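> Residue strings, one per chain:
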Amino acid sequence: MTIVRKAMLIDESRCTACRGCQVACKQWNDLDGWSYSKTTNQGSYENPPKLSPQTWTRIKFSEYESPQGFRWLFLKEGCMHCGTPACVDACPTSALKQQADGRVTVEPHLCNGCGYCTQFCPFHVPQIEVSNRMTGRAIISKCHFCQDRTDNGLTPSCVKTCPAQALFWGDRDKMVAAGKKRVETLKARGVTEASLYGETALGGLGRLYVLAEKPEAYGLPADPKYPYFATLWQNIVQPLGKIALGGTILGVIAAWAFIRKNIKMEEVE
Amino acid sequence: MNGQAQTTGHVFQIRWIPKYTFVERLLHWVHMVSFVPLVLTGLVFFLDFLKPLAQGEAGGWVRLVHRIAALIFIGEPVIYGILQPRRLWMHMREFSFERDDIAWIKNAFGYYVLGRHGVMPPQGRFNTGEKMNGMVMILTWFLFVVTGLTMWFGKGIVSINLFHLMVLVHDLTMIVSVCMLIVHLYLALAHPLMWAGLVSMRFGCISATYAAEHHAKWYYGPKRAKEIYEAKKASAPDAH
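Protein chains in written order, with this note's numbering: chain A, 105 to 373; chain B, -18 to 221.
Hints are computed from structural coordinates only; laboratory data are not their basis. Note that this is a predicted model, so its numbers are computed, not measured. It is possible that part of the hints are untrue.
Said to hold, decoys possible - DSS-like cross-link-like pairs, simulated, lysine-lysine; straight-line CA separation at most 30 Å:
#, chain 1, residue 1, chain 2, residue 2
1, B, Lys87, A, Lys365
2, B, Lys32, A, Lys329
3, A, Lys130, A, Lys264
4, B, Lys32, A, Lys365
5, A, Lys284, A, Lys201
6, A, Lys346, B, Lys112
7, A, Lys291, A, Lys318
8, B, Lys136, A, Lys142
9, A, Lys329, A, Lys291
10, A, Lys154, A, Lys130
11, A, Lys164, A, Lys142
12, B, Lys136, A, Lys346
13, A, Lys346, A, Lys201
14, A, Lys329, B, Lys87
15, A, Lys164, B, Lys136
16, A, Lys329, A, Lys154
17, A, Lys365, B, Lys214
18, A, Lys154, B, Lys136
19, A, Lys164, A, Lys285
20, B, Lys87, B, Lys112
21, A, Lys346, B, Lys87
22, B, Lys32, A, Lys346
23, B, Lys136, A, Lys130
24, A, Lys264, A, Lys201
25, A, Lys201, B, Lys204
26, B, Lys32, A, Lys201
27, A, Lys278, A, Lys318
28, A, Lys154, A, Lys164
29, B, Lys32, B, Lys136
Work out the full structure: start from the sequences and follow the hints.
Here it is as structure tokens:
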């Protein structure tokens, strides 16, 4: 049996921003409710203000002026589980792994806290919990689609809890089909800007959004790109470096063997 | 013999002359003690077969050692520059290239790799190869410090693209400087013509005959060194 790619479909046209997913995520993954997330008024109803090592998913509120008037756009933020995950490529410890079914999972005991994943993710999703800036003690965390649940055939806890029927979990091709169908329905109802986000970008995202407006209105990059420097670093500089180091070592060994034979030490000053 | 050594019976006596000051030697060894751990801990992240050392708790220690060594690496030239700025400036001048260096580079392969005892153009206290080593060390020091400190303290503060560039440049700098370190270790420890280097870096002294042969411009002064060089070339246009 071949392993099919899994995905989460998020229908933002149905999301009511109840934030039950945030609570379910914290509950299942045993995340702290208070660190990083003390409620402060920052001119928006959204809370907590951003993803943090203890907040792996949250509903982002975007204020939107549509022709019909002001309204909120809700976006369930979290790891996109890219088909070509730059974080996995940048991770020097294999703490981040891409599973055969497309989930990008986390093994915290392998993480050494370097934080490259936080810098190479095109969506700035992974968060490091820094315990000491001088020594660099830190640990990574991010949404891993509740790997302990999905490994055992359950849905991620946020999908399980969503009362608005906005979250779906299943084989990726089915999710894509369902998402496209929903986009058609929305368009037929007059939501002209409706689109399915993440079908092909970055090798196809594992987190698909049905959006009612343009991606930019939600604060999503319209055309997310695999970081250019990561390609240069991983595919060119690192192999060339290994060739250069190996070549130099072999070169000096050869030079040593050669000169040992050829030099006339009695002529050396 | 140029009169620097005298044979008394069967005993060949070497006349030792000072080459490196105590502080110069101290600087060299402190630099080594910081740079070698930096290279070893850095390679843990670069070479795939060392990945187990990069993981988890072990990786945390590797990163800590890298940072402690980095503080020595950064601090040692800075302290030297504060205490002895004129000598630091002198080194910069000693490491600058001159016309003789071109001729040296042309002949170096035959001399040091093939072992032909041709006539080498006269050199100062540092020969062209040592100057290149010195210049690359100064340049890579700046690159290491800027990129390293940015990655250490700038994560999440500097722009993503700048951070990516820092990672890339840190790697490229490492490749250049480690290749040079390998060649440096080979010449210092294994090359038969370079026996005097390790002695002088340990004790500060060098054999006068060796100095006359390899560092003529420093030993005789530029004018006399040039005369000797021209005379040697005339008598043996393509020696050996």
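> Look at each hint and say if it fits the structure.
Going down the list of hints, with the structure as the test:
1. B/Lys87 <-> A/Lys365: holds (23 Å)
2. B/Lys32 <-> A/Lys329: holds (28 Å)
3. A/Lys130 <-> A/Lys264: Within the cut-off at roughly 13 Å; holds.
4. B/Lys32 <-> A/Lys365: violated (39 Å)
5. A/Lys284 <-> A/Lys201: Holds, at roughly 29 Å.
6. A/Lys346 <-> B/Lys112: holds (26 Å)
7. A/Lys291 <-> A/Lys318: Given pair A/Lys291, A/Lys318 holds - Cα atoms ~13 Å apart, limit 30 Å.
8. B/Lys136 <-> A/Lys142: Distance ~23 Å between B/Lys136 and A/Lys142 Cα, so the pair holds.
9. A/Lys329 <-> A/Lys291: Roughly 27 Å between the alpha carbons, so the hint for A/Lys329 and A/Lys291 holds.
10. A/Lys154 <-> A/Lys130: Roughly 14 Å between the alpha carbons, so the hint for A/Lys154 and A/Lys130 holds.
11. A/Lys164 <-> A/Lys142: With Cα atoms ~16 Å apart, A/Lys164 and A/Lys142 stay inside 30 Å; holds.
12. B/Lys136 <-> A/Lys346: Holds - the C-alpha atoms of A/Lys346 and B/Lys136 are around 26 Å apart, at most 30 Å.
13. A/Lys346 <-> A/Lys201: holds (23 Å)
14. A/Lys329 <-> B/Lys87: violated (48 Å)
15. A/Lys164 <-> B/Lys136: holds (24 Å)
16. A/Lys329 <-> A/Lys154: holds (22 Å)
17. A/Lys365 <-> B/Lys214: holds (26 Å)
18. A/Lys154 <-> B/Lys136: holds (17 Å)
19. A/Lys164 <-> A/Lys285: holds (25 Å)
20. B/Lys87 <-> B/Lys112: holds (15 Å)
21. A/Lys346 <-> B/Lys87: holds (28 Å)
22. B/Lys32 <-> A/Lys346: Given that 30 Å is the threshold and the Cα spacing comes to 15 Å, the pair holds.
23. B/Lys136 <-> A/Lys130: Answer holds: B/Lys136 to A/Lys130 is near 26 Å, not above 30 Å.
24. A/Lys264 <-> A/Lys201: holds (24 Å)
25. A/Lys201 <-> B/Lys204: violated (66 Å)
26. B/Lys32 <-> A/Lys201: The hint holds at about 14 Å.
27. A/Lys278 <-> A/Lys318: holds (23 Å)
28. A/Lys154 <-> A/Lys164: holds (8 Å)
29. B/Lys32 <-> B/Lys136: holds (23 Å)
Checked against the numbered hints given earlier, the structure breaks hints 4, 14 and 25 and satisfies all the rest.
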